[in-house]
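A.B. asks: With the hints as extra help, turn the sequences into a complete structure.
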Amino acid sequence: MARAVSQRRKILFTVAAWSVGVLIFFPILWTILTSFKTEAQAIADPPIFLGFDWTLENYSAVLERSNYGRFLWNSIIIAGGSTLLGILVAVPAAWSMAFVPSKRTKDILLWMLSTKMLPAVGVLYPIYLLCIHLGVLDSKIALVFILMLINLPIIVWMLYTYFKEIPSEILEAARMDGATLKEELLYVLTPMAIPGIASTILLNVILAWNEAFWTLNLTAAKAAPLTAFIASYSSPEGLFYAKLSAASTMAIAPILILGWFSQKQLVSGLTFGAVK
Amino acid sequence: MSIKTKLFAATALSLFSVSALTAETITIATVNNGDMIRMQGYTDDFTAKTGHKVEWVTLEENVLRQRVTTDISTKGGAFDIMTIGMYETPIWGANGWLVGLNDLSAEYDAADILPAMAGGLSHDGTLFAAPFYGESSMIMYRADLMEAAGLEMPDAPSWSFIAKAARKMTDRENDVNGICLRGKAGWGEGGAFITAMSNSFGARWFDEEWNAQFDTREWSDTLNFFVNMMDDAGPAGYATNGFNENLSLFQQGKCGMWIDATVAASFVTNPADSTVADKVSFALAPDTGLGKRSNWLWAWALAIPAGTQKEAAAKEFIEWATSKEYIDLVASKEGWANVPPGARTSLYNNPEYQKVPFAQMTLNSILSANPQSSTVEPSPYVGVQFAAIPEFAGIATEVSQEFSAAYAGQQTVEEALAKAQAITNEAMEAAGYR
Amino acid sequence: MATHHSRSAARLMMAPAVVLLLGWMLVPLTMTLYFSFKKYLPLRGGDLGWVGFDNYVRFVSSSAFWPSVLTTLTIVGGVLVITVVFGVLLAILLNQPMWGQGFVRILVIAPFFVMPTVSALVWKNMFMDPNYGLLAHLWEFFGAQPVEWLSQASLQSIVMIVSWQWLPFATLILLTAIQSLDSEQLEAAEMDGAPALMRFAFITLPHLGRAIAVVLLIQTIFLLSIFAEIFVTTGGAFGTKTLTYLIFQRVLESQNVGLGSAGGVYAIILANIVAIFLMRIVGKNLDK
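As given, the protein sequences belong to chains A, B and C, one line each in that order. Take the first sequence: its letters are residues 1 to 276, numbered as in the numbering used here. Take the second sequence: its letters are residues 1001 to 1434, numbered as in the numbering used here. Take the third sequence: its letters are residues 2001 to 2288, numbered as in the numbering used here.
It is worth saying that the hints were derived from the structure and are not from the lab. Careful, some of the hints might be misleading.
[Said to hold, decoys possible] No farther apart than 16 Å at their CA atoms in a straight line, the calculated lysine to aspartate or glutamate pairs in the EDC-like style are these:
hint	chain 1	residue 1	chain 2	residue 2
1	A	222	B	1055
2	B	1279	B	1147
3	B	1254	A	45
4	A	222	B	1024
5	B	1075	C	2047
6	B	1049	B	1232
7	B	1164	B	1232
C.D. replies: Shown next as structure tokens:
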């Protein structure tokens, strides 16, 4: 009897969860479907769901027009570089906050987060002038640094919450055994924190990949990532839904695939200290 | 041809002995319109002729504006050529930010550029940007629906005729709107349309002391006429319709008339995209008998920021892209209807091009717009659908947002005009005009 | 517990992050402050001298200022409410026994990976367009007049788009929190005959307090500065101008860097007010 009930419940929950999941995913699905239509079919009334003539013409048009490979490469370098640099700077900071806390630790953390609230557009001119003086306009290195700085507070915060969950007795034991600070960091702490570091990396790659203000405004041809690639397909003259969909699919596909393959790490790690 | 190229190369050589010898890579910022995309496809032709390579930065119009303006006002040097319009060119030229183009080669034949275009892209007699394509606006209408309504479109209609025809052609049952016009916020979208329309109603943005004029009867007439006509005969949601939205409506047969950029003529008569390609006719933009019509003047043009290291190569590119040879190249590959229009007189003298159905009306429209004197009463500014002052883009975007809110029924026309008046005077005060 | 040695080492290790962020904060902040007291018009020759507090006065006295503050708070508040409420419901649903849980989770988190520009473009053109949008077709299918989303329900539309992007984030954090809930406690309550709603209100919700606090904090930081969603959809028309967008208009559309910088200073003040307010509610939960 109980089994039957729980079986019925399971069916019910499965149906409900799948419907909600499909509903939430639908805009992305629709974009992907539209990218395989012709421009005329993309705006057909009534809309066509699957029974259209699948075509790759939008993808070949986009590939012919834009150097997709370069945009993609720039995105990878900028998102990856800024995240790795951020981790390098943040691990020691988060370690000291978590294991050698002082009265001001919490204040420093909150202050760090508050630096994220500075409206970017307000400082566009100052930063632009700065980049010109340093000769780093339209360079990946400038964006790696800026995106690292933008996301650093989040990285520090996430790492801090992971480190805090590591019982300090373990570290003390290591210290008793005569481990130096460096050994303690490298061989004791890091292995234990790997899941946390992994999900921090993932979240920050996503954030950096999708950053669309600085990456658009500080680049021209050489360092422009996929956010700039999209800007060349939004609202041109004439019909554009299908080509826009193809470009959109190409811009989000790499990060979507990465996200899907690593969702276990992301899900298990994305707590920000919310779970005790 | 090849002799010309060599000649040109020789001249360039003597002037810029080093830079012309080395093959450069120039970076060009451009807008993602069809003609520019097509030009990108022919870049190889330019590289074959000159040895220079081209890096394209193609952006949507609003992003492009923001990007190039930041770069030029900070002398960032990220681009060697920028695609800009008739609004930016005189302002930037006056600031000394652009390289003058009066020294282009004789083969280039700068005198062939349509005088209206050259005038709008110059400051103090110096040409600062070469037009890649130019446009005015005109009426595109469905000859079949006009006939069914029992009306005949004059070559130069009045607004009252247009309103009457629009109401008659409207057939809500069959999803046909009598008229489709831009209502979308943004100075280059609905703002451009309503400003050009207001010229024909005798309105103007500023009086000669730079006072905003939205409290005048002329503006109230313009806006009321527009809203009444669109409510009766326009498409649903016209407050968010811009060029693109109206283009697809017209191509899908949902508009009886459409008053917009002349370049749209090649899209609506192209059977590949348009379901009504063989039913479209053209007429001049309407007036109210006050002596000014409601058509604008615009050009997308190529300009070189002052201070670029690659000025010589950039000039070579501009000479290539806006030349007669480029037009011939496109015509030979893709037909005359697809060449960039509105820039050169010789194009309109070409018998082949005259066969294109919209060629003559495009030329007539361009010729009937005068940026130096666009309003019925005297005004202190240059420009038809804009005022060529640095503050205009910001002000007009906010003003057109108020107008769009009125189109959407969120406020009355009078409220929108009162806000527009306040916004404009406020901004002009901040800029030190009043 | 910590030795003197490790304390100084700790400071040393914190130094790079603190110094970098201090620089990242101070350099632009100083420059913003500097410009905010200047008449700085790039299109009119750049720096035209000091003007005292003129820019500050002009920015607040503009008719667009207070509406923009209100719009900012409405959007942030609206998105927070929607993402937290639906996030909790979705997290509870995803925590139930079902087939294909992993796959559903993939579907649900997908919007978080989509660039804001792309999601705004997709929603605007392919869903909310009153002629070709899918929602318009849906409305027509049921015989209703299609809604002109971005003009008639502009603010709601933007809240909806942004909520779609951030719902996965909230759901993920809340789901992790729910999974850590002691199921024995719930089962015991069920045995005692406590109805589902009571169990939710007295056991699940209090347990989620901390997670909700985190969601509120992190999301607010990101939501205060949303830009692409407005730039792409309405361009600030129909009452969707946030404070960030107003600053964008002043700096880039009107090319008045001084005025925009003054706006930037106001935005920092607003952000800090919101932050302090948030810390009061959230901080308590975090310290537990």
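A.B. asks: Which numbered hints turn out to be false for this structure?
C.D. replies: 6
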